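> Each chain is listed here by its residues.
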Amino acid sequence: MHNQILVVEDDRIVASDIQQQLTRLGYNVISTPRSGTEALESIRNSLPDLVLMDVRLKGRMDGIETARCIQEIGQVPIVYLTAYADVETIRRASATEPYGYLIKPYDELQLRTVIEMALHKHAAERRLRESERRFSATLASIGDAVISTDPNGQIEFINSAAESITGWMSKEAVGRHLSEVFKLDEAHGADLPKAGVCHESRSVRAVLSRRDGNSCEIEHLQSPILDDRKRTIGTVVVFRDVSWRLEVEEMLRRTRDDLARVARLTTMGELVGSIAHEINQPLMALMTNGETCLHYLEQASLEEQREVSLRLLNEAKKAALRTVNNGQRAAQILKSVHALSRRSPPALERVDLNEALLEVLALIQGEMKRQDVVLRVKLESVAGEVLGDRVQLQQVMMNLVVNSIEAMEHVTNRPRLMQVETKLHNDSEMVVTVSDTGEGVPEQNIEQIFEPLFTTKSNGLGLGLAISRSILDAHSGRLSVLKGDPHGSIFQFALPLRRGENRT
Amino acid sequence: MTPDLIEADLSVLVVEDDDDVREALGHLLASVGIKVETYASVPDFMAAAEPAKAGCLVLDIRLPGRSGLALQQDLHSAGITVPVIFLTGVGDVATAVRAMKSGACDFMTKPLQPQEFIEAVQRAMDQSVEAQRVSARQADLEQRYSTLSNREKQVLPLVASGLVNKRVALIIGVTEATVKLHRGNLMRKMGAGSIADLVRMNDQLRPSLDRLNLDHGRGFARRRSN
Numbered sequence: 068m069h070n071q072i073l074v075v076e077d078d079r080i081v082a083s084d085i086q087q088q089l090t091r092l093g094y095n096v097i098s099t100p101r102s103g104t105e106a107l108e109s110i111r112n113s114l115p116d117l118v119l120m121d122v123r124l125k126g127r128m129d130g131i132e133t134a135r136c137i138q139e140i141g142q143v144p145i146v147y148l149t150a151y152a153d154v155e156t157i158r159r160a161s162a163t164e165p166y167g168y169l170i171k172p173y174d175e176l177q178l179r180t181v182i183e184m185a186l187h188k189h190a191a192e193r194r195l196r197e198s199e200r201r202f203s204a205t206l207a208s209i210g211d212a213v214i215s216t217d218p219n220g221q222i223e224f225i226n227s228a229a230e231s232i233t234g235w236m237s238k239e240a241v242g243r244h245l246s247e248v249f250k251l252d253e254a255h256g257a258d259l260p261k262a263g264v265c266h267e268s269r270s271v272r273a274v275l276s277r278r279d280g281n282s283c284e285i286e287h288l289q290s291p292i293l294d295d296r297k298r299t300i301g302t303v304v305v306f307r308d309v310s311w312r313l314e315v316e317e318m319l320r321r322t323r324d325d326l327a328r329v330a331r332l333t334t335m336g337e338l339v340g341s342i343a344h345e346i347n348q349p350l351m352a353l354m355t356n357g358e359t360c361l362h363y364l365e366q367a368s369l370e371e372q373r374e375v376s377l378r379l380l381n382e383a384k385k386a387a388l389r390t391v392n393n394g395q396r397a398a399q400i401l402k403s404v405h406a407l408s409r410r411s412p413p414a415l416e417r418v419d420l421n422e423a424l425l426e427v428l429a430l431i432q433g434e435m436k437r438q439d440v441v442l443r444v445k446l447e448s449v450a451g452e453v454l455g456d457r458v459q460l461q462q463v464m465m466n467l468v469v470n471s472i473e474a475m476e477h478v479t480n481r482p483r484l485m486q487v488e489t490k491l492h493n494d495s496e497m498v499v500t501v502s503d504t505g506e507g508v509p510e511q512n513i514e515q516i517f518e519p520l521f522t523t524k525s526n527g528l529g530l531g532l533a534i535s536r537s538i539l540d541a542h543s544g545r546l547s548v549l550k551g552d553p554h555g556s557i558f559q560f561a562l563p564l565r566r567g568e569n570r571t
Numbered sequence: 010m011t012p013d014l015i016e017a018d019l020s021v022l023v024v025e026d027d028d029d030v031r032e033a034l035g036h037l038l039a040s041v042g043i044k045v046e047t048y049a050s051v052p053d054f055m056a057a058a059e060p061a062k063a064g065c066l067v068l069d070i071r072l073p074g075r076s077g078l079a080l081q082q083d084l085h086s087a088g089i090t091v092p093v094i095f096l097t098g099v100g101d102v103a104t105a106v107r108a109m110k111s112g113a114c115d116f117m118t119k120p121l122q123p124q125e126f127i128e129a130v131q132r133a134m135d136q137s138v139e140a141q142r143v144s145a146r147q148a149d150l151e152q153r154y155s156t157l158s159n160r161e162k163q164v165l166p167l168v169a170s171g172l173v174n175k176r177v178a179l180i181i182g183v184t185e186a187t188v189k190l191h192r193g194n195l196m197r198k199m200g201a202g203s204i205a206d207l208v209r210m211n212d213q214l215r216p217s218l219d220r221l222n223l224d225h226g227r228g229f230a231r232r233r234s235n
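Chains as they are written, first to last, in this note's numbering: chain Y, 68 to 571; chain B, 10 to 235.
One chain only, chain B, in its complex shape (with noise of 0.2 Å):
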């Protein structure tokens, strides 16, 4: 019965305009040590929230003025890809299906039952924090990438399509040596403790390669037509 407590000091946003809900629903989530600020309505929101640092919001879907699902297909188009949890009145099934499709994280039916709801925050924290995660190992990679120099930037995806050295040197152009000391810089800088490791992020790099270096596939191009 004893719920979870979460650690992250992540928030949960609230958006709710019936106040002995709203109250109600704070006080829940204060007494299983989960973060949490509501709001009355999308107007209150907009002039206090950051929703970018949030944990996870929660919408009522119908709100007066501006509704809960207006307001996520906007965060949605600022690119603030928070988990969205809708609640929604009984019989509003084709607007939860709208909201899911629009990308919400999950919707409930009023009136919930509280440890459902619970549950429902967790996972939709967890995702947060493992999203945060994520993209904090995405950004320390390409901080990582930015350290190497050109020919290590060459060099990393061959080694990483498993060519061996003598190969590399043979596309390149230089020697097997050369290919030897480039391979364990790019590996130190990188942060890499094998080969596998180089590939898993060699693939985690590529979609974002283009952005980070724009010359790299010219070069690469130019060299495989010899």
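Chain Y extracted, bound-state conformation (with noise of 0.2 Å):
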């Protein structure tokens, strides 16, 4: 392909003569305009590859007028041609950054190398210019925010993504200090130093202030930008909103939560058995009680010697007593339920682990009954307390106790015994064992039954053990399973004890 080019040269000897030349070299030459005014128009039709500019031009528009005004149509490399070359007419010439000077006269040679080199620069400008409009679209594009600044700071490049997390728009914040557009929170430990220049490898979290004055959670992360000798010439910032994400993970703990209760509550839907029956016993034996009572005061107002009817009346005063004791008896159980089933966020008290334990026990009471399984208690003698929700970890237990007696349904020919155990280790945690004699688990199932949705019942959700991991998990706790001896599991957790309370 020819570079096209164009000669403005009001002399036509010279031009026709350079024409010539330019032909014989093998470029193209389009046209040979005498003024500026008809340079401006051959240029509007098309864009030549290079213009060669007589620096005087007749006319109202010399040379270098002309060129200034090329340069405003498009980004064509001009060459002037001068007879001499005064300081004035340079500066003015220098103005409209030529790509080269001829001066008259000149050979060939010199005239081909300056046109060579005119066109090879403007290429490789052209190049530059790509190159640099790439990276500027990929830096708008993408959904990080971008800050650039130089070694002192002061903000060079903001891209639109920095603009709308900040507030600032790039026109005002470019030549700024980097600590006015981009202000951390000192009070969330930011430590932005001022110089603007910081290595990190990490994304680091903080809390932005934006222009508008409101807050924003945010993850950034500084690097230095290095030329090609290594040295700092900037800094560039990246960092990205992160609000969003906080608020999902507010959501996930309470979705966790609230998972962990409708476990809770399926667990204790199918012991409304087992509670019923916890429920029935002391109200049955408040109905004894209270006809025992009747009985009593009936004999005793038939009869006539003062001291048989005062033993009578000592009888009755004694039933009545113990309707007491099975009314609140009845009342307690009722309080563990609503105490397991009621919605509250996890509240975080002094737990006393056996009585907790104790009050998860007397709600079973009625399922042991039913599936006929023996249960052995042993428990720590010191009180252990620990730190954490009461609720979710009777949840834990409950689920252990249950699973166990569950593991048992089909065992016909041995004993079905549970044992549950507390005790003190290293006088620093609090364990709690619950075994069984019932299937056990198979090895290659060992790790699998703390997986979400892991179930080897047929209705069951397999939701029990990963809540009950993940409960105790939040307390610090650990959760684990052996395998019993002969038969069965062996389920155990340990929780640390309340600092500075270990014994009573």
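Derived from the structure by calculation, the hints contain no laboratory data.
Given the structure is predicted, the values throughout are model-derived calculations rather than measurements.
One side of the interface only, derived from the structure: several residues of chain Y facing chain B at Cβ under 7 Å:
no.	residue
1	A352
2	M354
3	V441
To be clear about the criterion: a stretch of chain B counts as covered by chain Y if any three or more of its residues have a C-beta under 8 Å from a C-beta of chain Y, and this derived list gives those stretches:
no.	segment
4	31-38
5	116-127
C-beta atoms are modelled at their ideal positions from N, C-alpha and C, and glycine is treated no differently.
Could you use the hints to bring the two separately framed chains together as a complex?
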């Protein structure tokens, strides 16, 4: 492809001469306008690859003025042809950033050299501009916010994502110091050095103060900008808005709590029969004792001997006292049920593990009876208090105990024995153990049983152990399972004791 | 409202594992003058109770370890026929039916109505007393029967089946006068006031006769073949 050259020269002979030279050199001369006006017209029609411009042109515009006008139309390399170069002319000419000068007289070699150099330089610059444009477009379109600064921390560039997060428009931000625009809340542990140059390898969470005063949770990462010789020539800060992420984390936490509660309620629902039985017992005792009391009162009212009637009244009183106790026992069961089904955010309180365990065992008495399970309880004599959410810890206990009972459902050739134990360990933690003589856990499933939705029961949800483990994790405890000897399983969890209260 | 007091000094044996319920039942029965012994489990019961001498048993169907049902079946196999009342939780109907089929006297679902419970116990006790009376009477009969001579033992069923003295004499091969004598003696020994009494006694004795009198049947058969 031949390069298109425009020759602007008012001297016809010179113009013709140049044209011939150029043609010989293999260039294509579009035309040879004699004035600035003509030149501009030609350029408006089609942009040449290069313009050879006589500095002196007759007419309203001289070569330099014309060149300036050409720059406004498009990026065309301009080479000046000049007979002599005075300081003033050169100064004016330089302002138009020409790609070269040809000083008359010049020979063909010079002509070719200057033109070639100009064309190459122009091509290189075009590639560079192209590259810049591409990077610029990339920066503008990435979701992350980017701010770059010079070595002193003055902002050189800020992309649109950064504009929207910080609230600063590019026009206003460029030139300001980074700390003005990228303001981190001191209270949240910001340590952005004022120099603006920092080396970090991981994103850091921080709170940004936007221009309008509002805060925004972000993650940011700073890196130095290095030149070819690895010298630092600025800083680039990349950051993103993570407040939505925090909202999601909070929602996840709440969903986990809800799920735990649902699992708890489901278990409670399955235990309704057992719970009803538990309440039935004290109610029956209460009615019976009431009737007994009435009998004695009736007899006392008919009795004439004072001694005998006093004895009868005493029996009546004892019966009445028994009814009060029976009522309290029923009330306690209901209290436990209510506590386990209430919805409330997890609370941290002092929990006596022995007490909590006994409450849970009371609720499943009926179920144990129905399944012919014998219970053996061994409690640590020293009261061990842990810090945690009582309801959730009881949920874990209930889960393990119900699992044990279910594991022994099909056992017929040996006693169905469930053993529950609490023990102090190393003076620093309480260990709760629930063991059974059931079917046991097959070797290959030992780790799987803690995964969500894993179950070997036909009507199980498979969530109990997963939730139990996550509850214990949140309490800095751990849950483990061992094979029972010779049958069944031993589930165990340990919780750290409340500090400063290891013994009563 | 005042319940009848039972005079018999038979005891009620209660086996119930829930402490409150057991205590309440014990006091309830005591308040109407019934003797009661309470046990918390089957092993406790086996160790100390004398079920054969009891008026009735009250058992919770589900007890830790050995169930109430199993205990009743054990007693049944051992020939102890004390009436048993089962206490069952709501929803245990299938088990209750099984209990009744295996010879229980009654079953009640918890929570019990105290008055109904007392009435059930009284019925069971009455049944016991009656059974005792029947058994005592039978023992008496058997004892009297054993005092009869062989001849008298021969005459008894014949007279009881309505045959006249003359006929009996012919069958046995003795005189009418002898028959009359035997008849008088055996009626005296048996304590029968009339032929009707004798007929009843004979019926009551018949199931035990094989046991009491091994060669009676053989002798009679020989005679009939003549």
